[in-house]
Structure formats: structure tokens, C-alpha cells
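Take the given structure of chain U and dock chain X to it, following the hints.
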Amino acid sequence: MHCWNCQSEVGAAEVCPSCGKVQPVAAGTTLFDVLGLPRGVDVDRAELERAYRERSLRIHPDRTGKDDPRERRLSLERTALLNEAYKTLRAPEPRAFYLLKLHGLDLQKDEARAVTVPPNVLEEVLDLREQLDSARAAGDDEQVSALSDRVRVLSAAALSTARSALHRLERDPRDAAARDEAAQALARLRYHHRFLEAAEGGDEDET
Amino acid sequence: MPGGLLQIHDPLKPRGHAVGIDLGTTNSLVAAVVEGKPGAFPVDEGGSLLLPSVVHYALDGSVIVGARARVLAAAEPTSTIASVKRFMGKGPEDAETKALGAYRFATGGPVVRFEVKGGPPVTPIEVSAEILRTLKRRAEAALTGKVEQAVITVPAYFDDAQRQATRDAGRLAGLEVLRLLNEPTAAALAYGLDKGSQGRFAVYDLGGGTFDISILELVEGVFQVKSTGGDSALGGDDIDRAIATRFLEAHGLASPDASAITELLAAARSAKETLTGKESTELSALGKTFPVSRAEMERWIAPLLQRTGVACRRALKDAGISREELDGVILVGGSTRVPAVRTFVAQLFGKEPLGDIDPDQVVALGAAVQADLLTNRERQDEVLLLDVIPLSLGLETMGGVVEKLVPRNSAIPTAAAQVFTTFQDGQNALDVHVVQGERELVTDNRSLARFRLTGIPPLPAGMARVEVRFEVNADGILSVSAKELSTGVSQAITVKPTHGLTDEEIEQMLLDSIEHAEEDIHLRLLREQQVEADRILHDARKQLATFSDLLPGDERREVEAAIARVAELRDSATDSQPLADAIKALDDVSRPFVERIMNRAVGTLLEGRRVEDV
Chain U
1 MHCWNCQSEV
11 GAAEVCPSCG
21 KVQPVAAGTT
31 LFDVLGLPRG
41 VDVDRAELER
51 AYRERSLRIH
61 PDRTGKDDPR
71 ERRLSLERTA
81 LLNEAYKTLR
91 APEPRAFYLL
101 KLHGLDLQKD
111 EARAVTVPPN
121 VLEEVLDLRE
131 QLDSARAAGD
141 DEQVSALSDR
151 VRVLSAAALS
161 TARSALHRLE
171 RDPRDAAARD
181 EAAQALARLR
191 YHHRFLEAAE
201 GGDEDET
Chain X
1 MPGGLLQIHD
11 PLKPRGHAVG
21 IDLGTTNSLV
31 AAVVEGKPGA
41 FPVDEGGSLL
51 LPSVVHYALD
61 GSVIVGARAR
71 VLAAAEPTST
81 IASVKRFMGK
91 GPEDAETKAL
101 GAYRFATGGP
111 VVRFEVKGGP
121 PVTPIEVSAE
131 ILRTLKRRAE
141 AALTGKVEQA
151 VITVPAYFDD
161 AQRQATRDAG
171 RLAGLEVLRL
181 LNEPTAAALA
191 YGLDKGSQGR
201 FAVYDLGGGT
211 FDISILELVE
221 GVFQVKSTGG
231 DSALGGDDID
241 RAIATRFLEA
251 HGLASPDASA
261 ITELLAAARS
271 AKETLTGKES
281 TELSALGKTF
291 PVSRAEMERW
301 IAPLLQRTGV
311 ACRRALKDAG
321 ISREELDGVI
331 LVGGSTRVPA
341 VRTFVAQLFG
351 KEPLGDIDPD
361 QVVALGAAVQ
371 ADLLTNRERQ
381 DEVLLLDVIP
391 LSLGLETMGG
401 VVEKLVPRNS
411 AIPTAAAQVF
421 TTFQDGQNAL
431 DVHVVQGERE
441 LVTDNRSLAR
451 FRLTGIPPLP
461 AGMARVEVRF
471 EVNADGILSV
481 SAKELSTGVS
491 QAITVKPTHG
501 LTDEEIEQML
511 LDSIEHAEED
521 IHLRLLREQQ
531 VEADRILHDA
541 RKQLATFSDL
551 LPGDERREVE
561 AAIARVAELR
571 DSATDSQPLA
581 DAIKALDDVS
591 RPFVERIMNR
601 AVGTLLEGRR
611 VEDV
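Sequences listed follow chains U and X, in order. For the first sequence, the numbering used here assigns the number 1 to the initial residue and increments by one for each residue that follows. For the second sequence, the numbering used here assigns the number 1 to the initial residue and increments by one for each residue that follows.
With the rest of the complex left out, here is chain X:
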């Protein structure tokens, strides 16, 4: 199939590219499969493939993302949001939210909102959307084409609220989220397909803010997640914090201010990184110094590593396999560069971990592979991914006890139903409280949603029967419906997490973000047309060179003139419209030419058939 201009007129092919995005706590990446190979794109200054997940809100209302924002963190700690992933799907009263330092939170409402300069408070979803928007733009520049679809990775241990928040952030950034893919699964996909191997793998993923462990099996083109587990509040940041705490203790500093904490944590991180290659280093921050040896740091982080060990043993048990049955252990996440982590993993699983794909990139590359598998019809038969739900889903019953409906590590999609009865005569409504987690008591689990089923016919206690049905789709996102069985009264509920945003709020944010961007909407439209121009110019020139015999002289002059016009406006236009018109003109004038190319292609194809048929 000839490429180039033909694509422009092919209504069957979606226009945009599909990418894989690793939306990380510390860094984010975007990758795509190009010519059969996954690769990450430069997304920040100096061609860096890693975009620091830091968003700065400036006084003039502009937003800065990446390394430049990180530099501003020390001076503007409250208006510079780092590690926003830790806030996704969380409520303002979550203990963890308050522990995370320097920010000022707006009061009221079910969702965390950061008070920042230059505008109204922002939610974690909006902050994440800024990161996604930047990644989308950079990928579009690299691909010279639109990016409309994405597979976004989430920690396997993300609960429903955190998944919904991530999906909403994608929507807000103008992306169709093809799939939320568990990070360890993505990593295994990157390894699994590369090597065409079969077998059982453990993926140990210690990122900036989260820890995940998954056990997977690849057999005959089916990649099956056997079990998954982890800790959504444990990561490399905790190593930095452990070092910083020792620094504060050593210097007797009790209550440092926000910018001091930011500076100190940055210094602690760089000390940690130095200790990967050296035995000792000196941390300097706040005008003071503090010597740290690798051995000391290893002692401080030992309790953190032990916590990962507990989760690993449980995941092996859930998968029903022993560590001897594993064919390989895959390391993911920048924190696995710490030598103590590698040693610990090797001991835990009794084998040396694999590390030939860069642990920073492996998740994004796997996501790109999945995006390609889901959108590229030619590749759909290669590998099917069967994932699981990471945490049990249940309902509150009498006495605040959880009745589990979908146990953790159930393969998704999945469905389950449970019948409840009324406990009072004439009771006409029933409260349904959906929770996620492994503990027995409701209060120890995560509250996902509450709703009330009304219109139950008045019956003696225990006579009305209400069936509550859970359905979890392939993204791991839940929907719930309830039905009174004797009368058929039913309610379908789109479960919106207790700490999430409603669809209306998301719509409003989309509108706001468009309004906000009014001043530079001009520029953005122009930029889009420039990207379009680059693509059409590239294609047209290629077709001209390859199929010059299909283009009579006078027609060639017309096409060439149209090309020249687009090329000129590509660089000189200050408004998008003239450029858009020129692109359209080129498109129109080259149509007969393209049709001839198409006819030849079809002819070639038919000839091929005949040869095969003979």
C-alpha cells in the first residue's frame, strides 16, 4: 500500500496517531510505535525523553511544565505542583494529602484543590491534564501529525477513583483514552514482545511515588496477568524523605518552611542518585552539609524494602506459583537503579533481575505497543492482554462490615451480583455504599460511591429483594446497577467516585480551558495548520518524486505552484486561515494525481492476486 498523499483521502484510516503515555509521579514520557518499533519522543529541554511531572502556575496565568517548572519549585513552592499523581482521586481530608508538604489547599468540596497564583484553584486532574497536553504537543511535533488517542498507564494498585481521575485528565487534555494500562503489565509487554518469549515473569516496579508488583504469564499469544499488588504510597520519594529526615535531625531543625523542605528534598534526591555510583557523598542544603554513605542510606531504606517484600510474597501466593517457577524478574522505575533495591530483589526472588530496557522508558514503550495493538488492524492478532482488578470490590452491609463481591485479582472484564433485603417493615429505600479494599470493616477501606435505591414497594422486613450488580470493564472501571426483584424497579448508576469530579464539572473545565486559551487560540490553530502543512508537503514531495510519470506537465506546474504556496505560508503566515486554504488548494489540485496513483496501486494489487491464484 503506497503511503503519503493517499492517506489523506482514505476515509477508513483514523487521522491521528495513537501513543503510549507513562504519566509518572516524578517524570512522564510519551512513546509510539513507528515503523514497527516502539520509541520515546523528546519532550523537554535538551531533547530529554523525560518530562519532569512538575507544573508551575505563573502570576500572569501562564502554565509551565517540566524541567523549567522544577527549577521554579524552590522559589514558588505553593504554585509549583510536583508529584501530583499522589493526589489523584484523593479527598482533601485524606491523611496522606496533608502529609505531602508545601501546598496550600482550597477549603470545601470533595476534591483536593491547590491554591496557585494567576488563577482559581486547580484540581489534580487539571494539573495532570497540563502534563498530558504538553506530552501530546511534543509528540505531535515529533510525529508531524495529530495525536488523538492514547493508552495511559496507571499503577496496578490504583483504585477506581484514581483510575477515573486519570481517565478524566486524559479527556481534559483532548485525548481519547483507548485504555488505562497497568504499569507492570506495560513493562512486561515491552519485554515480552521484544523477545517473543514465553514464560512467567515478576515485574517489580518501584517508581517515584508508588510500588507495584505483578506476576504475569505469556503463553501462545495471550499475556495473562496472574496477580498484582503493591502500595500506592511508597516510592523513591520516600527514600529522599528518609535522607532528609536524618539531615533535619542531625542539624536539630524542627520545623523548616515550605521552600526549605523543597530545597532539602532536591538535595536528598541528588545525594541518592550519587550513591548509585559512589560509596559516599555529601549532601548540602540550607547552607549546611551532611555526609551520607551508601551503607547508611541502605540501613535507612531497609524498612521500605521490607514493605515491598510483603507485597511480593502475597502476589506470588495469589498467583499460585513459587519463586522457583519464575522465568524472569523485570525491574521498572528509576528507583530500581539504587543498588540496594537490586540486591534486595535478587535475594527475594532468588534470581538476577533483567534490566536491558531502560527502566525509565520501559512502561511508556509497553504502552505504545498496546496502543499499536489496539489501533493497528494488522497487528491485532499478535498478543491479547488479559488483566486483573487489583483490589476487591464490595458493599457495606449491616454493622459496617464489607461484603466482597469481586475479589482482587479477578480477570477483567468481570461482573457480579448480590441480593440484599430490607430490614424494616415498609422500608422503601435502600442505601448502597460501594467500597474497595481488602479489609473487613468499611472504615478501613476506600469509599468509592454511595447511592440510594428508592421506590421499593412497602413490604414486610426481609421480603423486598434488591439485586446489586457490579460490572468492571477492561479498564478496571466500575459501573453499578440495582434492581428490586419483585417489582423490577431499577437504577443504573454511573459510579462517580466520592472524591472525583462529576461529568458536568469535567465539561465545565473543558469549556474553561478553551476560554482560557482564547488569547493563544490563534497561535494554537496556526501551529496545528503548520503541523498539517509539514505533513502534506512531505507526502506531496515524496509522491511527486516517486510517481512523476503519472503527472502531465501542465498539471505538474499547478501542483508545484500549490506546494510552493503552502511552503511559503507555512513559515510566513501569522493567521491559520490562509494556510488552511492553501493546504486545501493543494489537496484539491492534486486529487486527480492521487487517484491515478491509487488506480495503479489497485492494479498492482490485482496482478498480485492473479499470480497467487494461478
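With the rest of the complex left out, here is chain U:
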């Protein structure tokens, strides 16, 4: 890669070492690369915060590209990507979804349909939703929060299953069983999330 401005070699650097201009994002850059963190299921939180601050100081539109429309554009794009990386990798859940996406399965997209969730899991979720609806109809706040607590326990378990499967998958990307296990656990997690959103959303409307 060469700098668009001064033509010197820039490699994967976000800012040209010789003229200081912000560079475009190279193809194949992962969100881990964006923050300069080692790819993995676990991320050092303090290191992530530090990397985010350091990079913001280098490429934020308030700091760079004020007089050059092209650099301004690149700075905006890079900062948007940096913010996405920060948001995605900061917490274990979105990080797990992202790792699975790196392994070719994006549960936020249509590909979610390719994951078959076992019928008993679906039943459990539907049952919980029904209980939530009737507790809500009866104005039973205690029951609503008891149900939420139960779902939180279930979702913590699903996340931990997903993470250990992803650990295996990171070691061996061809481990199809690990990939399926991670996908199923994360699909379960998505149901739990919707449940908790519904439970909490109701709280706010009432206050």
C-alpha cells in the first residue's frame, strides 16, 4: 500500500508515517485490526479502552483533515469504523457474534435462518413469552422481574457455551461441530435478548 498523498509506503498504517495523512481502510481489515488487538474470544478491556483513545486522537475529524476534503472523508470513514470496532469488541456478546461472522455465519443477516434451533429451545422461549404476557396483563411486576432473572441466567449459560465453542473454532477453523454449537448458542441468546427487551420496554412505558 502506498500513501494516496505522498506515495510513500504505508503498509497497514491508518496514518501515513511520512506525511501524516489518514489512509483508506485496506480490504480484509477486521475490527480487531482496527483497534490493533489480537483476535480472540477474550479481549483485555483496559487495553481496548487505551487503543480506542489513542486511535481516536490520531484520526478523529476534529484532529485531522480540516483543510483537505479527501482526508476529511477518510477520517470520517475511519472514525466510524473505529467506533464500530469499539462498540462490537467491548462487550463479550457482540464480540461473540462478530467472531462467528468472521467464521462465515452472520446471525444479524438472512443466514440466521440457516441455524436450526432445537424445538425444545423454541418451546421454552415461547412458554416464557406467554408467561411474560400474562404477568404483564395481571400487572404482576414481581413475576415480570422473576421471569427476567430466569432469562438472564439462561442467556449467561448460552453465552458461556458459545464462548467455549468459539475458543475451539478459533484453534481449528474447520471444526464444524464447534461452529454449529456456537451458532445455536448465539441463536438462543438472540431469543433471550428479545425477551429481555420486551420485559424492560414494558417497565419504562409504565413509569
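In short, the hints are calculated from the structure, not lab data. From a predicted model like this one, the values you see are computed outputs, not experimental measurements. Check the hints yourself; a few may be wrong.
According to the in silico footprint, chain U covers these stretches of chain X (three or more CB under 8 Å from chain U) [unchecked claim]:
(1) 219 to 229
(2) 406 to 414
Every beta carbon over 12 Å from chain X, so not counted as near; a handful from chain U, in silico [unchecked claim]:
(3) S18
(4) P24
(5) L82
(6) L102
(7) L128
(8) L147
(9) S155
(10) R174
(11) A198
The beta carbon of each residue, even a glycine, is placed where N, CA and C say it ideally should be.
Same frame as chain U, now just chain X:
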């Protein structure tokens, strides 16, 4: 670097000053960093730093802003616009618009328009621009120089339409809006930099018409907004209204007219203010009296405070921190002077709030700091502000359900994309409806914009793939583009809010305002030249005193004569041209002198280098 005359010839330095403006619901302020310290300028009668955000349109077409306009509100309630901020970015059919009392609205069109005396109906953007214009002029007088750039603050909870409206008002007032800054962030900036502190802060901002809560963290020069929330329709005005309602109930007054409401609200406000220092007071309005105790008022406003508590707890949760982890709570907004509010905040967060900067000024001071950080190259390395988008952005999908693309509290700038497909065979167009808000159904959220992507190739249902991409810049303002992926048909849309004004309308207003001002354009040009004259005289006299050894006798006489000419015309000229000519003459005649000063300055600089290099 020597100052003064040198600045006039330095092409690298922008001529105008950059200020921070708090465009408030009740009062507005303007501040700037002068000699490293932020300070607010006197903007109204009696040297007041607060300009009441009230605009009066008189029968003769003139416009009065500030305390004098507020006095006229009782007599002319429909032609005197107060709390215009509550109307920014709103449509005429918004429920809240109608609830806000005394005004007469022009019918038709997507934008609220007030019918006023002395001219055509005015939009909230134009009314706000009048306030900004006044602030700009007063700041120019205080700084004796032009003001061209500004950071304007908005409630963190302002949606895209309200932000656009604010930015448009700035443009209309002739200001380059450097940044729309969230008010709580501005407040934290004022505190954060003052104390050079690190840590986590909650900013509780209860203004005249809006409530905001933000959680921020300052670490190693990066000020990061962790979360923000609030209620754009809750503020001190609601306390006044709560008191006024009890008054009306007590006296069995069912439907008072507009001017009665205005008078009563003013009386209620002053009763509220009295109760900050006293246990009880008597409200008198409409020829009747009504006793109010502090305890009673606290009972009436308790539900309002509870509503702020809900938003605070949610903001803490969004930030992922507990109240024990906070290092401080900052109070902003005049309404936080009410003792019940302070007590409530102390209980809510479990610590005594900070209040050593005047809560009325703190937002403007923070905005001035940000304006300085953005324009002053020497300060750019000090603090970087990382803000968030306050409300989720999404698209309408089938069944009127919202698909969220950018969740609230995402750091800005940010971008997101989503692929949609067609649902009918051969469908060649797709409607895109952009909404902002947290609710599941489109109808419960704020509609920002609608547009239609056309030219989709005829394909079986579900085969065409349309990617819609959102981009939010550092001001929190959105742009949207859409692209059909198989053919590459694309459309870039400048999202103009449903209840906003088009660029053409803004241009037209700019033209109109110039035309309107034709009669006093003379006066304004003259005033500008007078300001310019003050500045050049001040600089020239200073240079003359400091560098007299660089000025030979005959040249000195020439310069002095030119100074005298400017000084004389400064006070006597009735037209701007002769004064402008005299300023130019002084500029020309002193150029060789200035060059010598510059050379000496460069010499000194080089000597300094050599010493360092040794």
C-alpha cells in the same frame, strides 16, 4: 508572536472570532475564550449576561429581542415568541405544538409558522436566528471584531430534525456553525478543563424546557460521552405551569385568554424563584392572590422529578456503571436552583452535586472552550471530545415495525448499512422511511424523512437487493444513501427532516432577510466599519508605542495623520464608505512599518532557535 497590526496582514489567521452560544429555551448566552479563559459577554440591558430568548415582532416590521421583548409579551402575546426552542423541528400537527399556548399559527406547509404583526408568518428557525443575530452583534461589540464562527449547544436529546433546524438558524444568522455540541457535554467540558481532573461525571441538566442527563468519562485527554438521555419536553416551564394550574383551579377559572395565561405564567415563575430562598410566598396575578408554600410546590413537582429519575437510571445502565462509580454530579440549568431539585439529585446519585460554576453560564462557557479547541491550533492537542447519538435511528419495515440501524448512544461519527429486498415480482421502486426513537412501532417514533429509490431492475420478489446506508457525522446529523446491489443503481439523499426547511427555503430566507434589512443596511455597514476602526486604532496605537524606534519621523507623521483621520470619521461619518477608505489608507501607509516589526519578530524567533540549537 507580536499581536496587533500584524494580525491584519496575516493571511493564515481567520479574521473572525469563534464563540460558544447557549441557545436556551428561556435565556441565551454567548461566550468566548479570551486570553485563555472562557467568559460570557453582556448581551442585554443593564449588562446582563443572559438574553431572554424572547422575540417581539412589532407593527412597523422591527424586531425586538430580549428583556424588552419579554415586557411586551403580556400586551402582545401572539406577536411575542417565547420558548421558541420547543418548536424547533416540529410540525404544525405535533400535539405538543398546540399545547404551548398563546400563539396563532399559519395553516398549511410542513413547518410551524407563527402569525405575527408587521410581516409574513415566521418559522421557529427565523425566530431563533433573530436571537443568534443579537448575540452575534453583542459579542462583536464586546470583542471589537467580527464573529463568524460558533459552536451552538443543543439538548443531548434533540433529534435530527431539531438539530438541523438549529444549524439552519445559525446559518441564517450569518454564522458558520463549527459544531452542534450537546449541552451536558459542554457543561462537563467547562468543569473538566477547569480542574484538569480525570474521572466519571453525571451531568443533570434541567433547563427551562428540556431535561438532559449524560454520563461522561475523562481519561488522558479524551472526553468520552458514555451515554445520554432525557426528555425534550420537560423543564422549569412545567414547574411554572404546575403552579399556574393550581392557581386557576383555586379561583375556578376555566378558560383564561392568551394574555391572562402569559401574565399568570410570569407570576408563577417569580413565585418559584422566590421559593428558592423563602419558605412561602404569595402569587398575585389577574387581580387575585394565591398563597404558595415551598412544601406545596415540592409536592406538585414531585412527578416531574420522578420522570427525570427514570431517565437517569437508564443513562447509568446504558453507560454500564453504577452510581457509586461516579466521581461527581454536575448541575446545569436555572431550574436546578430549586432546592427540591438539588435534594432529589443528591438522593438519586448518593452524593452532593457540584455547583461552583454558575449553572446559567456553564453551558455557554463549555461551548466557548470547544470553539477554541476547534479553531485555535495551539490548543488542538489538549482535549478530544467523543460524543454519542442520543436516539436510535432506524427504517420502517413491513407491518410498520422499526428496524434499528444505529442504536442510541453509539459513538459518532458512525455508519451502518442494511440490505432490504423487494416483496413483489417486478417491483421497480422501494420506499424508504427513516425514523428516530426507541419504540418498536413506526407510529410511536419520530419520522425524519421519506424517499423513494427508483430504477430497480424488474426481478422476482426478494431478488433485488437494496442496501441502505446511514452515516452520522460529528454533529449528530444524518445522511442516507441507497444502492441496488445487482445493478449498482444508487441514490444519495440529503435527509431533510419532514418538518424542516429545504435548502432553497433557507436560501430564500437569507435573501429576504437581506432585502428586509435594506433600510438599515447602511447603518449596519457603518457599524461594521466602526468596529473595524476600533480594532485597527487600538492595534495601531499599541504598535506605535511599542515599536516607536522602527518609525522614522516623516513616516510617523503620515501614520499619525491617518490614525487621526480614522478616529475622526469613526465618530462623525454617517456613511460607511469614507470610513472604509480611511481604514484602508491607514492600512497602506503603515505597511512598511508593519513589515519592519515583522522582520524584527522573525529575527527574534531565529535567535531563539539558535540558542536552543546550541
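Hints, one by one, checked against the model:
1. Note: the region 219 to 229 of chain X has 5 residues with beta-carbon separation from chain U under 8 Å; the three-residue rule is met and the coverage holds.
2. With a threshold of 8 Å between beta carbons, the proposed coverage of the region 406 to 414 of chain X by chain U holds, since 5 of its residues qualify and at least three are required.
3. A cut-off of 12 Å between C-beta atoms confirms that S18/U is not in contact with chain X; the least separation is 20 Å.
4. For P24/U, the condition that its CB be more than 12 Å from all CB atoms of chain X holds, with the nearest at approximately 14 Å.
5. For L82/U, the non-interface assignment is contradicted: its Cβ lies about 8 Å from the closest Cβ of chain X, within the 12 Å cut-off.
6. Distance to chain X confirms L102/U as a non-interface residue, since its nearest Cβ pair spans about 18 Å, more than 12 Å.
7. No Cβ of chain X approaches the Cβ of L128/U within 12 Å, the least distance being about 18 Å, so the stated non-interface status holds.
8. With a least CB separation of 19 Å from chain X, L147/U remains clear of the 12 Å interface cut-off, as annotated.
9. Even its closest Cβ contact with chain X, about 16 Å, leaves S155/U beyond 12 Å, as expected for a residue assigned away from the interface.
10. For R174/U, the condition that its CB be more than 12 Å from all CB atoms of chain X holds, with the nearest at approximately 28 Å.
11. At roughly 9 Å, the least C-beta separation between A198/U and chain X is not larger than 12 Å, which violates its mark as non-interface.
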